[in-house]
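Residue-level listing of the chains:
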Amino acid sequence: MGGSTASLRAYVITRVILMVPMLVLLLTFTFIILRVAPGDPVSTIYGERGNPQVIDRIKTELGLYDPLYVQYFRYLHDVFTGHMGTSILTQRPVIDEISSRMPATIELTLSSMLVASVLGIGLGTFAGTRRDRLPDFGTRLYGALAYNIPIFWFGLILKLVFAVWLGWLPVSGRFSPRLSTPPTVTGLYTIDSLLALNLPAFADAVAHLILPSLTLGIVLSGFFVRITRVNVIHAMGSDYVEAARSRGISERSVFFRHGLKNALVPVITTMGLTFALLFSGAILTETVFSFEGMGRFVYLAISYRDYPAIQGAVVYYGILMVIISLAIDILNAFVDPRIRY
Amino acid sequence: MAGWFARGRTSLVGRLIGTFLRQSRSLAGVLVWVGIAVVLVIIVMAILAPFLAPFDPNTKVADPEVPPGGPFVMGTDRGGQDVLSRIIWGSRVPLAIIAVATTISLALGLPLGLLSGFAGGRLDRTILLVMDSIYAFPGLLLAIAIAAVIGRGVLNVSFAIAVVYIPTYFRVIRNHVASVKEEPYVEAAIALGMSRRRVIGRYILPNVAQSIPVIFSVNAADAVLTEAGLAVLGLGLPPGIPDWGFDISLNWQRFDASWWATFFPGLFILILTTALTFVGEGLNDILNPLLRKRETKVGAEA
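So the sequence lines, in the order shown, correspond to chains H and Y.
Mapping the first sequence onto the working numbering, position 316 (from 1) lands on 316, and the numbers just tick up by one.
Mapping the second sequence onto the working numbering, position 92 (from 1) lands on 92, and the numbers just tick up by one.
Note that these hints are calculated values from the structure, not bench results.
Don't take every hint at face value.
[Unchecked claim] With the C-beta cut set under 10 Å, the calculated list includes, among others, these residues of chain Y facing chain H: (1) L95; (2) S133; (3) T273.
[Said to hold, decoys possible] Derived list of chain H stretches under chain Y, where covered just means 3 residues or more per stretch with a C-beta under 8 Å from a C-beta of chain Y: (4) 13-25; (5) 101-114; (6) 291-303.
[As the list claims (entries may be wrong)] If you only want the chain Y side, here are some residues facing chain H, beta carbon under 7 Å, derived: (7) P64; (8) A148; (9) A221; (10) L225; (11) A228; (12) L233; (13) G234; (14) D256; (15) T274.
Computed from a predicted model, the values in this text were never measured in an experiment.
By construction, the Cβ of each residue, glycine as well, lies at the ideal position given by its N, Cα and C atoms.
Model the full structure from these sequences, guided by the hints.
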């Protein structure tokens, strides 16, 4: 027992140390893309109509004439002290924009993850236990369609049908303007309204969340259906399941206690990878539903050529991804001891 | 050098076709055929666009937002352009992006994967770390960052998309190489003093090449979706080139008034990506012996 805890601790420490080069790589990569690639930010923003002298002055102010290594270390310093410049669009510091919008994106990704896992694991198990029969074929078709649907277009259809034509759910936004938002604790409206015991606000926040999370969740469920199906097939054909069957254990019990339990370990392991997919999807989903999160901010930043905002969003999204993948790897090591070795 | 490559390739292609024909009457085979047929139809549509399209895709041919019917099978868009003609011409863009982007990804991912998997050790770990960092990053955001800097155009967008998928090729190939390297026949070849280049060319590459069509078709579908995402966000191709993603970005704000102008381009994206996935899934079932094992165990020896 002691040995197992020690190996877990060693794994966590190694993994945290490994996070440093990963972060440095990521930041360097972003630096290269955004600063060294042809087309500098100032000319991109001010375009041809810009006065060359003004452009020159701004470039000097921004330090774009300094040697690259000076620029690089200043950039690292800025990232870690949260000085990512001011958004041209909103005239607020980029870091404030990002931190005020982050909870919306987290709320959306978590609820989409819930939709995706319930649908994906449920259908994947259903298909996997009926291999090569009609339900399996139907579910695989669902998986392929869900995974390949252009998410933006799918969101528009859901919005048109359920919000515009049927009027069942709100068309856009995170919250109705007629209600006052609950006091901020976590920034997640659903949780904050529950904490404030404000049920109408909770119902309103959930209603606004349903269509965006269905959009993102159904698309992602295509991925889960496939992974679950393959692993259920694999587990149910394995030696330990044969052994359990031969001992006369009921098929139901074989399935739940031996098959499904083992099939879900790799599913949980791959869940971490889906966060990158989720964040990509969130950019488009938030744009369709005017859901004021990070993704919508990225869209606005692109539309207005708000260069500091794009850069800030990319950097902090990246940092967030590194932290999430660390958390998931540690969780995996906890669930599946083989990973530690 | 050309000799070993040619030999490896012919035997590989022959083997692939052989397996393919043997399996093609199964469910997986049907999927592949349906997928291939749909992709071929779209390719033909792209090539014959000037003859197939009833109208010029870039001119106003009627009132804006005419509903489907009459001469305008899919209606007209906000600019009074024929939606069907734009869809036919627009099929060229995703196909071009697939071709260019996957070529770039493969050209960088394959050698890196071979190198990393074969060399092992510190070099392997370093490349792996770089690739994992790219892989962990949200693909669309990475493409956005690159596209925002290098600007519009087929090559630029393809490059932005290619960077996103290099790690996918790299990972599959690297892992495959690392496992093949442990096989007795490879160890034997090395022990007998065969040069590294020959070992890779004679034994490793032909083995690894089997996984390329599968990654290709999956990545091709993803590339189409990423291109559409970039176009919707305003980072796609310059205006004037008919493109399914661009047409969505042009018309989506009027979706409740003229659904057809947004619906049909999206539908065609879905048809193409699903067809590509069918090809990939079917090939995977056919080429991946692990999934096939049970069938052969149970069934026909023929």
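Here is what the structure says about each hint:
1. The interface hint given for L95 of chain Y is violated, since its Cβ lies 16 Å from the closest Cβ of chain H, which is over the 10 Å cut-off.
2. A least Cβ separation of about 5 Å between S133 of chain Y and chain H falls short of the 10 Å threshold, and the interface hint therefore holds.
3. For T273 of chain Y, the interface hint holds, the least distance from its beta-carbon to any beta-carbon of chain H being 4 Å, beneath 10 Å.
4. Here the region 13-25 of chain H counts 4 residues with a CB under 8 Å from a CB of chain Y, which clears the bar of 3, and the coverage holds.
5. Only residues whose C-beta sits within less than 8 Å of a C-beta in chain Y count toward coverage, and the region 101-114 of chain H has 0 of them, not enough to reach three; the restraint is violated.
6. Restraint check on the region 291-303 of chain H versus chain Y: 4 residues with Cβ-Cβ distances below 8 Å, three needed, restraint holds.
7. Taken as an interface hint, P64 of chain Y does not check out: its beta carbon lies about 19 Å from the nearest beta carbon of chain H, beyond 7 Å.
8. Hint on A148 of chain Y holds. Least Cβ distance to chain H is approximately 6 Å, under the 7 Å limit.
9. The restraint placing A221 of chain Y at the interface with chain H holds, with a minimum CB-CB distance near 6 Å, inside the 7 Å limit.
10. At a threshold of 7 Å, the smallest CB-CB gap from L225 of chain Y to chain H is about 6 Å, leaving the interface hint in force.
11. For A228 of chain Y, the shortest C-beta to C-beta distance to chain H is roughly 5 Å, which falls under 7 Å, so the interface hint holds.
12. Taking 7 Å as the C-beta cut-off, the interface hint given for L233 of chain Y holds, the closest approach to chain H being about 5 Å.
13. For G234 of chain Y, the shortest C-beta to C-beta distance to chain H is roughly 6 Å, which falls under 7 Å, so the interface hint holds.
14. This hint holds: D256 of chain Y has a C-beta 5 Å from the nearest C-beta of chain H, less than the 7 Å allowed.
15. Interface hint at T274 of chain Y: satisfied, since its Cβ lies 5 Å from the closest Cβ of chain H, which is below the 7 Å cut-off.
Hint compliance for this structure: hints 1, 5, 7 are not met, and every other hint is.
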